[in-house]
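**Student:** Sequence lines, in order, name chains A and B. Note that our numbering gives residue 213 to position 213 of the first sequence, counting from 1, and the numbers run on in steps of one. Note that our numbering gives residue 469 to position 469 of the second sequence, counting from 1, and the numbers run on in steps of one.
If you're looking for bench data, these hints aren't it; they were derived computationally from the structure. Every residue gets a Cβ at the ideal spot worked out from N, C-alpha and C, and that includes glycine. A hint or two may mislead.
[Said to hold, decoys possible] In silico DSS-like pairs for lysine-lysine, Cα to Cα no more than 27 Å straight-line: (1) Lys-405/B - Lys-481/B; (2) Lys-56/A - Lys-113/B; (3) Lys-320/B - Lys-481/B; (4) Lys-132/B - Lys-203/B; (5) Lys-203/B - Lys-56/A; (6) Lys-189/B - Lys-237/B; (7) Lys-267/B - Lys-294/B; (8) Lys-464/B - Lys-56/A; (9) Lys-501/B - Lys-481/B; (10) Lys-267/B - Lys-56/A; (11) Lys-119/B - Lys-56/A; (12) Lys-247/B - Lys-294/B; (13) Lys-247/B - Lys-203/B; (14) Lys-320/B - Lys-294/B; (15) Lys-119/B - Lys-132/B.
[Said to hold, decoys possible] If you want the ones that stay clear, here's a sample from chain A, every Cβ over 10 Å from chain B, calculated: (16) Arg-5; (17) Ile-8; (18) Val-32; (19) Leu-41; (20) Tyr-72; (21) Arg-88; (22) Leu-92; (23) Leu-187; (24) Lys-244; (25) Arg-254; (26) Val-285; (27) Leu-302.
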Amino acid sequence: MTLYRYIIRRVLLLVPMLVGITLLSFVLSHAVPADPVAANLGEQAAADPAIVAAFKHRWGLDQPLYRQYLVYLWNLAHGDMGTSISTRQPVLLDLRQHLPATIEISVAAMMLSILAGIPLGILAAVNRERPIDQAARVTSLVGVSTPVFWLGLVAILVFYARLGWAPAPGRLSASISPPPFVTGFVLADAVLAHRWDAALDWLRHLLLPAVVLSSYSLGIVTRMMRGSMLEVLGEEYVRTARAKGVPRWALLFRHAARNALIPIITIVGLSFGGLLSGAVVTETVFNWPGLGLYAFSSATSLDFPAIMGTGIVVAAVYIVVNLLVDIAYAFFDPRIRVG
Amino acid sequence: MTEHRRGRSCEGVSRRELFRLIGGGAGFALVNKLAAATPALAAAGASTLVVGGGGFDIKTLDPGRELENGTNNIDHATYDSLVTFYGEDLTTPRPSLATGWTISPDGKTYTFKLRPNVKFVSGNPLTSADVKWSIDRVRYIKGNAAFLLDGVEEVQAPDPLTVVVRLSEPRPAILPILSSPVLSAIDSKLVMENGGDASPDAKDKDKAEAYLNAHSAGTGAYILERYTPKQEIVLVKNPNHWRGAPKIDRIVLRNVQEPAAQELMIKRGDLDIATGIGPDQVRNLAGVPGVTVKTSLASTLVYVMMNQNPQVGGPFSNPKVVQAVRYAIDYQGMLALAGKGALRVAGIIPNNFPGALPAREAVKMDRERARALLREANLGEITGTLTYASDLVFYGVHANLIAQKVQEDLATVGIKIVLNGLPYSVAIQQYRDGKNQLGIWQWAADYPDVSDYLVFVPGRTVAKRTGWMPDAGPQAQEIVKIARAAESEVDTPKRVALYQKLNRMIAEHGPWAPLFQPVVPYAFRSNVRGVTFASAWMVDYYTVSKT
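I would like the entire structure built from these sequences, with the hints used as guidance.
**Tutor:** Here it is in C-alpha cells:
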C-alpha cells in the first residue's frame, strides 16, 4: 500500500469514529440522572410548569430522545452544532472562542517538552550514571509524578506572587485590548493587526502555564529518549560507524539520535491527548480561557449541545493528531506501510 | 559496562553540542527575565477598573431572560429600572427612571411618573411605551424571571411619561420587585428592529437575545462593549447618562475561577475589585496594605430540611425528631465555618428583612433536650441520609463541610447520618422532586423583599419539596392563612407584625433547622472608592471611582 492510499483510508475511518463519538457522548450525557431544567432554571421558575414547558420547547428537550439525537446528527451534517444553553450562542462560535486558547497552550507545552526533553534524554544517555543523568532522571520523575494543579499553584505563588516575574493569571493583561478576532489565536490575530503589544503580552502570559503543562510530557519524552538512545547506542551499526572513524558529533546525531527518535514520535502523539486533558486543570489554575473551562461549566449545567460539541472536537483533535503521528511514523519507517 | 564506557567517550562533544541544543530552554529563562524587567502590570490606569469574579454564572445578558447574580451585576450597570436601592440598603425603594409614584387606596394600582428627557444609548427617548414593552416581554417570553410578574394584571402607558401597573391583589412587594434589572427599561424601538417581541406570542417570536448579548440597549451608566461568554465582559461609560457620566471610563470583568488566584491578584494590584473570594481569603487578606476587605450580608438562608412525607422522611417526619435535630446542632461551630460576619437566623427570614426575629429567639444547642425528645419519640435507633450538592459553595463555604458538621453534631445525640453528596444538577433534581430525606439547601432572595420567603409556607415551593402541606395540621393551616394576609397587607407595621408571627410559627412547627445567613466577602484596592455591595446586584459601578 502506498503512503497516499494509507492516508486516504485513515481519513475515511474518521467519519464512523466521529459518529460513534457523538452517539457515545449523547448517551453518556443523557444517562446522568439529572435534568437540564434543574441545572438551568431558577427555583421559582422550575416550580412553574408553564416556564418549564417553554424552556423544554426552546431547547428541543420536549422531543423523544432518539429524535433529539437524529436532529442533532442532521444539523451536524449541515455544519450546525446547535446553540449552547449556557451561553445562548452557537456552539460552533463558542468552540471558535475557546479552542484556540487550548491549542495555544497545548502546542506550546508540546514544543517545550520536545525542545527540552529530547536533548535532555540524549544528554542523560551519553552520560549514563553520571550526575547529569541522575539529574535528568529525577527531573523527569518529578515531572511525571507531580500533579499539574499543585505545580501550577506553586508556580504562580513563586513566579507571580513572590518574585513578580510572571504576569497575573490570564491570557492577556486587562489593560491590553485583544486584537480583532480573526483566527482566535492571539499571536496570529496580533500579527495580522500589527498589534505587537498584544503579541508580547500574550507570550509573557503563555510562558508559565505552558511550562507547567509541559511537565508531564517533558518527563515522558526525556525518559523515552534516554532509553531509546541507550538502546541505539548499543547497536552494531553504531559500533561499526565508530570503528570507521565517524566523528562523534555525526555519530551521535546522524546515526544514533535519528533512529532513536522513531519511538518518540508515538509518545509525543499520545501525550498530546494527555496535554488536552491536562489543559483543563492548567486552564483553571492559570485562568486561561480555553476549552477546559468551557467543557467543565457545560457539563455542570447539563448543556447538552455544548457537551457534545466539546466531545466531538476533542476527539477529532485527538484522532487527527494520532493520524499525523501514524503518517509521520510511516514516513520515517517504511516497514509500517508494508505492515 | 560497555555502554558506560561509550557514554564517557562521547562526553566532551556531547556536552558542548547539547548545551547548544538546550538553547531553547535557556531562551525561556531569558524571556522570563526580560518580562520581569518590564514594569509590573498593575491594573491599568485610573480610567480602567478591573474586576475579578468567581463562578461567572452569566448565561445571558438579555434582561428579560436572566435571573443570575452575575447578569444582575452587568444589567444594573447598563440598564435602569423604575425604582432602585442605594448602596447596601435594600429596604427603601428609591426613584430611578420613575421620579415618584402613587399607590391607590386599595393597593392594586401603582402609578409611576417617568423622568423626562432620559435617552437610551441609541439616542431614542425613553417613554412609558418602552417600560410597558420591556415588562410585557418578560411576562410573555416565559423566561426564568416571569414569576416576578405573578399578580400583575396589566401595565398601561396612558401618556408618554406615565406608567400604570395594575395588580389583581394588593402586593406591596411589587415596588422592590420593580427594582430588579430583569424589569429594566429596554429601548423597544431598537430591540424590535433586532428581533425583539413583547406580544403574547413572544415565547416563540422573540429573537432578540443574541442582539442583547452583544449590545446593551438601556439608559444605564455603562454600555456593553464586549461579552465573551464565560471569559470576560467589557463595559465603557455612557457619556450621556441621565445622572451624569460615571467616573470610570472602562470596566473589565474577568472570570477568575480560583479564589486563591483572586487573592494573589488583588494583593499585587492586578485586580481592583475581587468579588469571588471566600472566608480563607478574608483571613489571608486582613491587614494586607493597599487592600480593603469587607463582607456584605447575603439575603440568603442556609438550612437543613427534614422531609415530612413519612414515606421519604421516615423518622424525620416525626415532630419530636425534627425538634431534636434542631437542638442537636452546634450553631456556634456552624457560624465559625461560615466565616466572619455570618449570622444566626431565628426562623426562616434572613436578618435584613422586616419580619426577621431577634437573634436571641434562635434555637440554642441543648443536646440533653435533644436526647430527651428522641426518647419521647421512642423510635429506636434513628438513621438517615443527608443529600447535598457536593460542588455547591455558599459564598466560599463548601456544602461538603457543612454536611460533615451536621453529621458530627447529630451523631452526638445518637442520630446516624449517611452523607449523600451529589453533583448539583443531580442533587437539586432529587430535592425538587421531594425525594430528599434530609438535605442541606439555601434559599436566596430573588428580589429584595420578605415576601420571597413565603416559599416556606406549607404547600408552597420549598415546603412542598419538604413534604410539608397545608393539611399537615392546624398550625400549618393557620400559617397558610397568615401568609395570605401578610402578602397583601399594605400597612407597613401590620405587615411586619404578620411576617413576624408567621416566622415564629414556621420556626416552631416547620421541618427546618436554619443554619446561618452567609456573608459575601469582597475586597478592593484602597485607591478604589465608593464600592458598595448589595446582594441584589453586587457592586453598583456608578458610585465607584479610582485615584
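**Student:** Are all beta-carbon distances from Tyr-72/A to chain B longer than 10 Å?
**Tutor:** Check passes; 20 Å lies beyond 10 Å.
**Student:** Run the distance test for Lys-320/B versus Lys-481/B: straight-line Cα separation, threshold 27 Å.
**Tutor:** Holds. Lys-320/B to Lys-481/B sits at ~25 Å (cutoff 27 Å).
**Student:** Would the pair Lys-247/B and Lys-294/B pass a check requiring their Cα atoms to be no farther apart than 27 Å?
**Tutor:** Holds: Lys-247/B and Lys-294/B sit about 22 Å apart, inside 27 Å.
**Student:** Measuring Cβ to Cβ, find out whether Arg-5/A lies farther than 10 Å from everything in chain B.
**Tutor:** holds (37 Å)
**Student:** Does Lys-113/B sit within 27 Å of Lys-56/A, going by the straight-line distance between their CA atoms?
**Tutor:** violated (39 Å)
**Student:** Verify the proposed pairing of Lys-203/B with Lys-56/A, using a straight-line Cα cut of 27 Å.
**Tutor:** holds (12 Å)
**Student:** Would you check whether the claim that Ile-8/A is not at the interface survives, using Cβ distances to chain B and the 10 Å cut-off?
**Tutor:** Holds, since 36 Å exceeds 10 Å.
**Student:** Confirm or reject: Leu-92/A is not an interface residue toward chain B, with every Cβ-Cβ distance exceeding 10 Å.
**Tutor:** holds (13 Å)
**Student:** According to the definition I'm using, a residue is off the interface if its beta carbon is farther than 10 Å from all beta carbons of the partner; does Arg-88/A meet that for chain B?
**Tutor:** With a cut-off of 10 Å, Arg-88/A comes too close to chain B, as the shortest Cβ separation is near 5 Å.
**Student:** Are Lys-247/B and Lys-203/B close enough, with their CA atoms no more than 27 Å apart?
**Tutor:** violated (39 Å)
**Student:** Keeping to a limit of 27 Å between CA atoms, is the pair of Lys-320/B and Lys-294/B held or broken?
**Tutor:** Answer violated: Lys-320/B to Lys-294/B is near 40 Å, above 27 Å.
**Student:** Take a quick look at whether Lys-464/B and Lys-56/A sit within 27 Å of each other, Cα to Cα.
**Tutor:** Since the Cα atoms of Lys-464/B and Lys-56/A sit roughly 23 Å apart, the hinted pair holds (cutoff 27 Å).
The structure does not agree with the numbered hints 1, 2, 10, 11, 13, 14, 18, 19, 21, 26 and 27 stated previously, though it agrees with the rest.
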